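All chains should be built: construct the whole structure from the sequences, respecting the hints.
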Amino acid sequence: MLKIFNDLSTFFEDCYVQFTIREYARWRKISPPTASKWLNSYARQKLLLKTKGRNMLLFSANRTNQFFIKLSQLYWFSKLTEIGLLEFLNDEFVHPLIILFGSLAKAETTKNSDVDIAIITSVKSKPETHLHIFEKKLRRNIQLFIFPSLSKIPSNLKPNILNGYVLSGKWK
8 MLKIFNDLST FFEDCYVQFT IREYARWRKI SPPTASKWLN SYARQKLLLK
58 TKGRNMLLFS ANRTNQFFIK LSQLYWFSKL TEIGLLEFLN DEFVHPLIIL
108 FGSLAKAETT KNSDVDIAII TSVKSKPETH LHIFEKKLRR NIQLFIFPSL
158 SKIPSNLKPN ILNGYVLSGK WK
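Remember, our numbering sits 7 above the position in the sequence shown when you count from 1.
Heads up, a few of these hints could be off.
[Unchecked claim] Pairs of lysine to any residue residues, derived as SDA-like cross-links and limited to a Cα-Cα distance of at most 25 angstroms, are as follows:
| id | residue 1 | residue 2 |
| --- | --- | --- |
| 1 | LYS144 | SER175 |
| 2 | LYS113 | LYS177 |
| 3 | LYS143 | LEU93 |
| 4 | LYS10 | THR128 |
| 5 | LYS59 | PHE74 |
| 6 | LYS53 | LEU15 |
| 7 | LYS53 | LYS77 |
| 8 | LYS57 | ARG29 |
| 9 | LYS179 | LEU151 |
| 10 | LYS143 | GLU20 |
| 11 | LYS77 | TYR172 |
| 12 | LYS143 | GLY109 |
| 13 | LYS113 | VAL130 |
| 14 | LYS57 | ILE76 |
| 15 | LYS36 | VAL24 |
| 16 | LYS144 | LYS179 |
| 17 | LYS143 | SER110 |
| 18 | LYS113 | LEU56 |
| 19 | LYS143 | THR88 |
| 20 | LYS86 | GLU115 |
Rather than coming from a laboratory, the hints here were simulated on the basis of the structure.
These figures come from a predicted structure and were not determined experimentally.
In structure tokens form, the structure reads like this:
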């Protein structure tokens, strides 16, 4: 599983990026024939789209593929766990339900996307003072939306949050 995260990480980080075989080979520091083999394999699995452009083959994320979306969610779960953000939030709040939503949860990420996290917890706290540490590690802004209960979520945010990816905790 980690191999696929390493191979496709640039597509998870920016779902709209397009690579030629040579660009991808340079980025991964592998030979172009190996890059071609890997990219074509992921295209056959429908994780990547293969199109012709600029007189060459271009590979991009298949944002409509449910498996790609799930892999993207797992990638971000792994990344947020690796930098210690989930542990920090679990320590900061009492039995929180932590949900990743927005562009990162929908595989619509760009290099400028922020990290939208909803936290449903009975005890409200303000951990924003320490978030800059994690923002530097991710090179992305982190937005926390803290709610005391599901019923207190504004109606314009509720569908996005309910369709998000649960990072930690349980629905009650």
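Structure-based check of all given hints:
Under the criterion of a C-alpha separation no larger than 25 angstroms, the hint pairing LYS144 with SER175 is consistent with the structure, at around 20 angstroms. Of the supplied pair hints, the one linking LYS113 and LYS177 holds, its CA atoms being roughly 20 angstroms apart against a limit of 25 angstroms. Distance hint between LYS143 and LEU93 is fulfilled; the C-alpha atoms sit about 15 angstroms from each other, no more than 25 angstroms. Proximity of LYS10 to THR128 is assessed by CA-CA distance (about 35 angstroms); at most 25 angstroms being required, the pair is judged violated.
With a CA separation close to 24 angstroms, the supplied pair LYS59 and PHE74 stays within the 25 angstroms bound. Note on LYS53 and LEU15: the hinted pairing holds, with a Cα-Cα distance of about 13 angstroms set against a maximum of 25 angstroms. Annotation: proposed proximity of LYS53 to LYS77 holds, straight-line Cα distance about 13 angstroms (limit 25 angstroms). For the hint pairing LYS57 with ARG29, the CA-to-CA distance comes to about 14 angstroms; that is within 25 angstroms, so the pair holds.
In summary, the hint linking LYS179 to LEU151 is supported, as the alpha carbons are separated by about 20 angstroms, within the 25 angstroms threshold. Among the hinted pairs, LYS143 with GLU20 is consistent with the structure: their alpha-carbon atoms are about 15 angstroms apart, no more than 25 angstroms. Proposed proximity of LYS77 and TYR172 is supported: the alpha carbons are some 9 angstroms apart, at most 25 angstroms. At most 25 angstroms may separate the alpha-carbon atoms for a hinted pair to count; LYS143 and GLY109 meet this at roughly 20 angstroms.
The hinted pair formed by LYS113 and VAL130 fails the criterion: a straight-line CA distance of about 28 angstroms is larger than 25 angstroms. This hinted pair checks out: LYS57 and ILE76 have alpha carbons roughly 17 angstroms apart, not beyond 25 angstroms. Taken as a hint, the LYS36 and VAL24 pair is honoured in the structure, with Cα atoms around 18 angstroms apart against an allowance of 25 angstroms. This hinted pair does not check out: LYS144 and LYS179 have alpha carbons roughly 32 angstroms apart, beyond 25 angstroms.
For the proposed pair LYS143 and SER110, the alpha carbon gap of about 19 angstroms is at most 25 angstroms, so the pair holds. With a C-alpha separation of about 17 angstroms, the suggested pairing of LYS113 with LEU56 holds against the 25 angstroms cut-off. Under the criterion of a C-alpha separation no larger than 25 angstroms, the hint pairing LYS143 with THR88 is consistent with the structure, at around 15 angstroms. Between LYS86 and GLU115 the alpha-carbon distance is near 17 angstroms, which keeps this suggested pair within the 25 angstroms criterion.
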